[in-house]
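Build out the structure end to end from the sequences listed, making use of the hints.
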Amino acid sequence: MGRIGYILLYTCLALVAAFQIFPLLWLVLFSLKDNAQIFSGSPFALPSDPQFGNYLNVWQGGIGLYFFNSVWITGLAIVLTVLFASMATFAITRMNWKLNKFVLGLFMVGLMIPIHSALIPLFSMFLSVNLIDNPLSIVLTYTTYNLPITIMILLGFYYTLPREIEEAAVMDGSSINRLFFTIILPMTTPVMATTVIINMIYNWNEFVFVNTFISSDEYKTLTVGIQNFIGQYMTDWGSIGATLVISIIPVLLAFLFFSNKVVEGISSSAVKG
Amino acid sequence: MQSLGASEMNKVMSNKLMITLYIFPALFLIAVLIIVPLILTGYYGLMDWNGIGSMTFIGMENYINAIQDAAFWDSAWHSLLLALFSTLSLVIYLAVSMILASKIKGADLLRKIYLIPMLLSSVAIAQLWIKVYNPANGILNTILRGIGIENPPSWLANPDVVLYAIFIPILWQYAGFYILIYYAALKNIPESLIESAKIDGANPLQIAYKIKLPLIMGVVKVTIVLAIVGSLKYFDLIYVMTGGGPSGSSEVMASYMYDLAFSTNNFGYGSAIGFLLLIITLIVTIIIRKLTASKEDIQY
Amino acid sequence: MKKMKAVTFLAAGCATAMVMTGCNSESSGSGDGSGDGEQKTIEFMHLWPEGSSKDHYDIVNEIIADYEEQNPNTTVELEVLSNEQYKEKLQVTSTSGELPDVGMTWPGGFLEPYVDGEMFAPLDDVLDEDGLRDSYVEGTTEAYEVDGSTYGLPLELNVAQVFYNSAIFDEYNLEEPETYEEFEEIVNTLKENDVAPIALGNQDRWTGSLWYMYMADRLGEDNLLNQAINGEASFTEEPLVKAAEKTQNLAANGAFTQGFNGLSDQEAKSMFMSEQAAMYLIATWDLPNYTTDETVSQDFQDAVDYFDFPTVEGKGNQNSYVGGPGVGLFVSEDSDVKEESKDFVKYFSEKWGEKSVSDAGVIPATKVNTDNVDLPDMYLEVLDDLNNADNLTLFADVQMSPDVAETHLTAIQSLFGEEITPEEFAEMHDEAIEEDQ
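For the record, the sequence lines run as chains G, C and E.
Residues in the first sequence are numbered from 6 upward in steps of one, following my numbering.
Residues in the second sequence are numbered from 16 upward in steps of one, following my numbering.
Residues in the third sequence are numbered from 6 upward in steps of one, following my numbering.
No lab work stands behind these hints: they were computed from the structure.
Fair warning: there could be bad hints in the mix.
[Claimed, not checked] Listed next, the stretches of chain C that the computed footprint assigns to chain E, with coverage defined by at least 3 CB atoms under 8 Å from CB atoms of chain E:
#1 107 to 119
#2 140 to 151
#3 169 to 176
#4 216 to 230
[Stated by the list, open to error] Here are the computed lysine-lysine pairs in the DSBU-like style, where the Cα-Cα straight-line distance is at most 35 Å:
#5 C/Lys-26 to C/Lys-120
#6 C/Lys-213 to G/Lys-106
#7 E/Lys-372 to E/Lys-356
#8 C/Lys-225 to C/Lys-202
#9 C/Lys-31 to G/Lys-103
#10 G/Lys-106 to C/Lys-31
#11 E/Lys-372 to E/Lys-360
#12 C/Lys-305 to G/Lys-106
#13 C/Lys-213 to C/Lys-202
#14 C/Lys-31 to C/Lys-120
#15 G/Lys-103 to C/Lys-118
#16 C/Lys-213 to G/Lys-103
#17 C/Lys-118 to C/Lys-26
#18 C/Lys-225 to C/Lys-213
#19 E/Lys-247 to E/Lys-59
#20 C/Lys-213 to C/Lys-26
#21 C/Lys-127 to G/Lys-103
#22 C/Lys-118 to G/Lys-106
#23 C/Lys-127 to G/Lys-266
#24 G/Lys-106 to C/Lys-26
#25 E/Lys-196 to E/Lys-247
#26 G/Lys-103 to C/Lys-120
The structure presented is a predicted model; accordingly, all values stated were derived computationally and were not measured.
Ideal placement from N, C-alpha and C gives every residue a C-beta, glycine not left out.
Printed below as a string of structure tokens:
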């Protein structure tokens, strides 16, 4: 490519980058405005009278506890999803059994459920095992509802893993558990990092299940903080913006961390063609 | 040695206990928390039920009504259009990922910036795009007027354009998701393959098309399925930004189902729609799998 | 393999069976026992979160604190959700018989399925005690009536009024209209001067419905609109078709803000409040914005006034209002603490009536004695209107069953968007009402 080609390419890339980073900037501006400024002014406009009070409102809404709940519920669900999904994908792609296609088909059907179909049945089930208003119901739901998509993503990568490494390990007398935990999992770090990011975004922003299964304030998560500002006739958008800004910080940090893992894992693990 | 390894491997990998142990957690959770509700949705579809009081069995009536319901087919058509556009956009996402995964300067930073919007919740994305589309002082119409277009459309009010207007934020919302997956797949390609192609004199486009693409084809097929399934059951932004309106012109299957089940107390009928959504998704997925099937030992 | 399959399917089967049989294994988890002197807990779910509705939220807590003080054996446990989530949760919990002991419901079509399912307790005994029923504004408790029993104690009463910006009106020498013809003149004058006449966010649909309801109320005179909604008359009768036609013409004439069918009510409200539109038809729940809300500029609040919807073609009565009660309290039929809950809702609605207007700017469904409260003038005017009202035409989505309401709202959007004719609009209503009966 010539010099001009590169300049063109970079101009394009930079434009798109500006376009992609703009929403974050917009959100911060949004969080410092009141309803009047949000709806009548230009979204680009700087807040004429910055409403830092929005952040105070959010803080007084008891966001600390919600924040803590969001972190541990999201984290636990991610660990369970990625672990169970990796195990299932390993069994489907590597182990020899007859029903593997059927089970895979079942997992794919799991992708297709619209969550609102599941609300009433899930509520009854959790109620019958006394898990309503128990954070475990949320952890289990998040874990399960992310399993199909996580398995699908892992699948494409597992098929490309070279079998020679496993064979060598098995020849050395390695057990399946050891093979899985010490060889396969490290080899799939990049794709696991990918699924961690995806799981994290889903769990972190989810609110339908939390609101339905959890009643006590002590178990609610950050998205409930948003509900706090939606009124019967009035909604305090600026404070919702402030909640969104606060709640995006941890995901952003985690994203930057795992995003590096997507690349790192490859160079460190010994994948050969 | 090789065959001995393979047969030993075969034996180890056929251990029933281990297979059960590895598949059970995922299978159990999915069966109980997803498949059972799905079956129940089909079952509720056989009922005359407002979702609150008692239910009456009415056989296939809801399903028959749904099949004759023009509003349902409209919503299904809109969902299918979304699926089509989502699938086509994969090409763009793939191209972007190829650029980001290549060794150009600043690729790492660019990749991180490009994926930022996917971190935003639907609440934020909806608010942002409502500002973009506002007919009077929205970003889009301000720009259009700026370049001399006198009467730019009211994007979310015009039944002819609303559906496409709403597709754009949806496609944009999911761009990061696919780029991330493609990126990981591309980074998974052994460097040596690309190096040897370069030595053979292949240019970057040839490498992308002839080497990289075939190697990540498995992943691409997965994303096609994900894009289609995700689109057919899509709900969030449509519900928040247009509520399916005006007059149903942006209604999709999931929003139609939701309105029936939760807003107008036709839970039985809504469930039937939900179950048909599943059937339609299954049929489309099977067709796509057949179309994209190859001789390789890869199945999804 | 077989074993595993069996286990999975067994588990799945169990769960299915559990759900199909209705899962009433556990009754409402409230109440720690029923023995005398034991601590009782009333679960109370409402939709006024602290963040968005601080005043409401505080009053609720005050009332609860007072109640608990007077009834040391009773604790009230709160759960607060936002509007939409609240409705969803109410429906989901009802299917498992897990409704809160006390909660909020909307009148009319929303309430009916819960009454049909015997989920809500009749509250007539509460209303008949101490003449509570008489303390309500006429027509409010009736909206919660199904087959002769009342299932909710209304907390709010709202009527729709045309709010306008008097600064803009003064600029163009406009005056409050009394007839629709005068109103049309105002619209034309504003348009000629490039001022958006009316802010309308018709994505929410009930906003457009208000215009049609008023037009039909005026043109239909003797209750024709109500009769049509009840299926006793047809929407195709001339006055009602004309109402649809006039509404459509108003929209086609450019009276409403551009792209109204794609705008939310919130966006329209902001246009009115940032003085980008001269008029805005909204219910009195918006009064705090125009009076007490300190975040709204004083200049704007001084400029805002309202007028009663004009008479149309000399028909109708300006003292007839489109409005209705908003949320009301229900008591769950299956509650373990039903008697305590009934006692609580009675106490609550009495106290609410005393505090809501002065502390939160909510016009309660109970009659307000304006002598004892210090209120902004606009409130006094509205309360005065209510006292002199000749008729209250309930909001369409309150009067209609959910199915008919859905048809109505969709038809409204299409009517405004000129996708259907007034005649088609009328026929859609008749069909939906017939199908529903």
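Notebook entry, point to check: Which numbered conditions among the earlier hints are violated in the structure presented, ordered from lowest to highest?
Noted result: 1, 4, 5, 6, 14, 15, 16, 17, 19, 20, 21, 22, 26
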